[in-house]
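So the sequences go chain by chain: A and B.
Read left to right, the first sequence gives residues 1 to 554 (full-length UniProt numbering).
Read left to right, the second sequence gives residues 1 to 554 (full-length UniProt numbering).
Be aware that one or more of the hints could be misleading.
Copies of the same chain look alike in the list, so a pair counts if it works inside one copy or between any two.
Claimed, not checked - Straight-line distance between alpha carbons at most 20 Å, and here's what the computed SDA-like set of lysine to any residue pairs gives:
1. K547 x N530
2. K547 x D532
3. K282 x R475
4. K198 x V174
5. K282 x S478
6. K282 x G476
7. K282 x V477
8. K198 x W402
9. K547 x S413
Since the hints were derived computationally from the structure, they do not count as laboratory data.
Protein chains: 2
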Amino acid sequence: MSVRKLILRSLLHQNKFAYVPAILHQQHHTHEKYDNYDDRHRNKKKKFAFTLFGSILVGSTITDDSKHKLNKDKQKTEDEKGMEAGEKRQDLPTFRAEEVSKHNNKNSFWVTYRHGVYDITSFLPSHPGGEQIYNAAGYSIEPFWNVYGMHKTHEVYELLESYRIGNLHEDDMVDHSDDELWAREPYRDKRLIVKTAKPFNAEIPPEYQIAHFDTPNELFYVRQHMPVPELEAGSHQLRVVLAPTQQVSSLSLAQLARLPRAIVRAALMCAGNRRSEMHQVKPVKGISWAGGAISNAVWSGVYLRDVLLHCGVDPNDTEGKHVILTGADIDATGQNFSTSIPLQLALDPNAQVILATHMNGQPLPPDHGCPLRAVVPGAPAVRSVKWLECITVSEEESSSHWHKKDYRSFNPSTTWEDADFESAPPVYSLPVTSAVCEPRHGDTVRVRDGHIEAKGYAYSGGGARVLRVDVSGDRGVSWRTATLQQDHAPPRTHYAWTLWTARLPVPAHCDQMEIWVKATDSNFNTQPENFDHIWNIRGILSNAYHKIKIRLQH
Amino acid sequence: MSVRKLILRSLLHQNKFAYVPAILHQQHHTHEKYDNYDDRHRNKKKKFAFTLFGSILVGSTITDDSKHKLNKDKQKTEDEKGMEAGEKRQDLPTFRAEEVSKHNNKNSFWVTYRHGVYDITSFLPSHPGGEQIYNAAGYSIEPFWNVYGMHKTHEVYELLESYRIGNLHEDDMVDHSDDELWAREPYRDKRLIVKTAKPFNAEIPPEYQIAHFDTPNELFYVRQHMPVPELEAGSHQLRVVLAPTQQVSSLSLAQLARLPRAIVRAALMCAGNRRSEMHQVKPVKGISWAGGAISNAVWSGVYLRDVLLHCGVDPNDTEGKHVILTGADIDATGQNFSTSIPLQLALDPNAQVILATHMNGQPLPPDHGCPLRAVVPGAPAVRSVKWLECITVSEEESSSHWHKKDYRSFNPSTTWEDADFESAPPVYSLPVTSAVCEPRHGDTVRVRDGHIEAKGYAYSGGGARVLRVDVSGDRGVSWRTATLQQDHAPPRTHYAWTLWTARLPVPAHCDQMEIWVKATDSNFNTQPENFDHIWNIRGILSNAYHKIKIRLQH
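Construct the entire structure; sequences and hints are all you get.
Written out as structure tokens, the structure is:
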């Protein structure tokens, strides 16, 4: 079954202004307006974000009531059942979800509801909720209707059925029974490449990776394990627990802000970035990331080191201790997301681990941990816990399954049957990697003056700087050294990514070409040529040379 | 022409006790005595080292006189010329140096002198210099005679010719005209594998790498660029110069010792270790090191950081500055060996750069920088300047050719013609590497219970720990994770090597096997599978998988 691309947004403020006349008069969308929709809307959101984001997961306490609310089954009235739209109809053709998803603009706008496929292009200007409806472009409207029950009337069902054009293929039917969990998800930029909708995981497209050294917040790749919790900055408390005495401190963001300000420019990269390439060698488990699970930003807040010392951690008693970071996001069993890093790493001034409140000068967006997250530069992004509620200094690593059963390193011969996750080393740093962002695999590229230009990113974890990027247009027979764009940082504390540009000679009469890229970091580590001997069951640390094929136009 | 294995020793104390009756009565060497010779002798040396080492390069001042002395041409008297031994003789057979070198023990003891080859086995017990003569076993006696001129008499020449058995092959003739420069070299353990005699460069044999976690000082590999200077601990002064003000401090070892004591367990590895393997892919320039240019020790002294701060370096003004380290060893043009490291690295507490006076609890041996050397853990050993005389904090890197024209990184396509050394990044750290030490390539190994055992070392620079060593007996089809022996150190400050042991299954009826090893470090960097795309003109950073072939005996 194909994965449904489902973009959900926090429709909470629709309740505030969706149906008011101020929106209603925007009845005729110009194409330009549609293009600018994202930006205009985001500005509105900024104003409302902190006041409007709800109460389901406020602060560090999840009540039993709210857990029950999250997990409860949806109830339908008999009335709704009898009259519901979207019954299967034998007289209409069947469409695949992929076909439906192509009709995602004002010129051709399709949606689905249960078995029904609807062409509501002509209805768009009349939608009382205005532009909100674009969130469902090419997809199901069920997640939205499940939350905004005002749609579930005889009149609306009848109206919807009047636009009916077909049935959705059985294999593409999605169970929307847990939509309520996800309907308050933040608005996401349409340019993100969605890998999974629930939880929301999306790549930044390669052309936007190289367009900005610091990735704009709305284009930063998103990696969630659960629904996005809604926290309020004003009342948020960070608890710091020192085991085994269980000494507890509680700090508001205002109290945190009294510590020295910390700023670090750091790329965050999922340990599974480029997994899709490793998957081609032999299947691995995990989100099929291409190269878009890395972005770069300037993070600001306070040093975790300062917070820990402020709370009484003894910097001379660190051996074998860990800092467990717990987020407000919870899974279906009520367990909060958590992972840990060694206390020695947390206290290492070079490691520059911070608790960030801001991203590129803006308060953290909900998708990136609003109002407080850890940023562990040079480590896989999973350690940079979002929506941070609690820090525990302990003699044990985090016991969560995200920590104990994932993000561990195995050799290529280890199978799921014999993998001993708990004895395998946790991944606290990332190897050197690189990718070609432009051109893209399969592109046709115009040759100019016997050359083509390639661009991309390179990165190395643990504070290593990328020293050199070598690019080959002839499968490694010859290598060109790329021009680098880099942050300036002292040795061993380089956490930003590197953008690179290379000019490659093209032999005349050559109509296709393979581009290889490999980076070398300041420890002179470089990438393996292929995935054969770094393959691992989880498909992480997938850092072989990036190789793409293109066609040439002379 | 084959490289002559030439082991020179500091014969200085021969002057003190070589001819006294106490030595003369040791006329009949038992085999056991011979085996213990090194150890007994080393103990004697310890007592005399600091009082006896001479005056050629004492302290930080090299006088013009002494430079002249170092460079002057040897003068011979007419008398010497007329009567000299070692003229070519047509009536005798010709031997290659390699054949001569096999006769290196009391049962068959050959030496050469100019064109002559001599079997002096029967003379051994009569040698007035006693066991000193073993330094010339299988090699030329010229270096020793050039210094100890008492040999150059009619009587001794006649005596030598009475043992004549042949001529040395023309291709193996070595020019000993600069022997005086080298004759005061320290005594070296006979187990070292000599790569070049002048300067002395020698590997630790692989079996001794895995025999001790901390390499015994006398087995630690030796990498010299020039003759070993003789310095006196008692009068040694370290100058610290802060450019551009030229503020100079001068510190005796006693003054240095008042700073906090620093200890770091660190492997030192030549950037060219394993060059011989890269050379096989395509020739490179440099000493043809196998895997023996790495050893491990506990170094103690003081932190360079403390010394710099003590001398007034501003820790907040480090951007773009360098610490130039200058040794007392000088080349034929009178230039002192020097290289530099970034000031930020020198001041980084994590980097643990020390000025060492001791190695494994003993005062530094002459070959390892007596009485003071830098140790820059995790960096190529060239930065760990020996016989340290001067530290200059400067806005420029060292201008020496060792710094500017060597130990730089190039991509595989860079040739000697287009190499721009000054713009290429200097190597300040080392990538992850590993090697099989047992069995050795070409060995026949007995299979026990369907398995064989392999052992070796692994290492990564920049403070990274080796996390996993994978060993394959089937050319990478399957990998076994090795058992590791490691130092305990906080994250990012792991500088010791790792020793590993792996048990590999052997299919029945299999009579040969290829063993591959690769290590993964704490940044999850791993080695490239082969040398093709890391090849570089200088043959440094040669860290592809180590692959050996063995025969199996069931």
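Hints, one by one, checked against the model:
1. For the identical chains of this complex, K547 and N530 are neighbours both inside a copy (9 Å) and across copies (18 Å), given an alpha-carbon limit of 20 Å.
2. When the C-alpha separation of K547 and D532 is checked against a cutoff of 20 Å, the pair qualifies both within a copy, at 14 Å, and between copies, at 17 Å.
3. Proximity of K282 to R475 under the C-alpha cut-off of 20 Å is restricted to the inter-copy arrangement: shortest distance 18 Å between copies versus 22 Å within a copy.
4. Taking identical chains as interchangeable, the C-alpha atoms of K198 and V174 lie at most 20 Å apart only when both belong to the same chain, with a minimum of 11 Å there against 76 Å between chains.
5. Taking the shortest Cα distances, K282 and S478 sit within 20 Å of each other only across copies (14 Å), while inside one copy they are farther apart (29 Å).
6. In this assembly of identical chains, the alpha carbons of K282 and G476 lie at most 20 Å apart only when taken from different copies (15 Å versus 23 Å within one copy).
7. With identical chains, the CA atoms of K282 and V477 are at most 20 Å apart between copies only, with a shortest distance of 13 Å across copies and 27 Å within one.
8. In this assembly of identical chains, the alpha carbons of K198 and W402 lie at most 20 Å apart only when taken from the same copy (17 Å versus 58 Å across copies).
9. Only between protomers do K547 and S413 lie at most 20 Å apart by alpha-carbon distance; the minimum there is 18 Å, versus 24 Å within a single protomer.
Hint compliance for this structure: no hint is broken.
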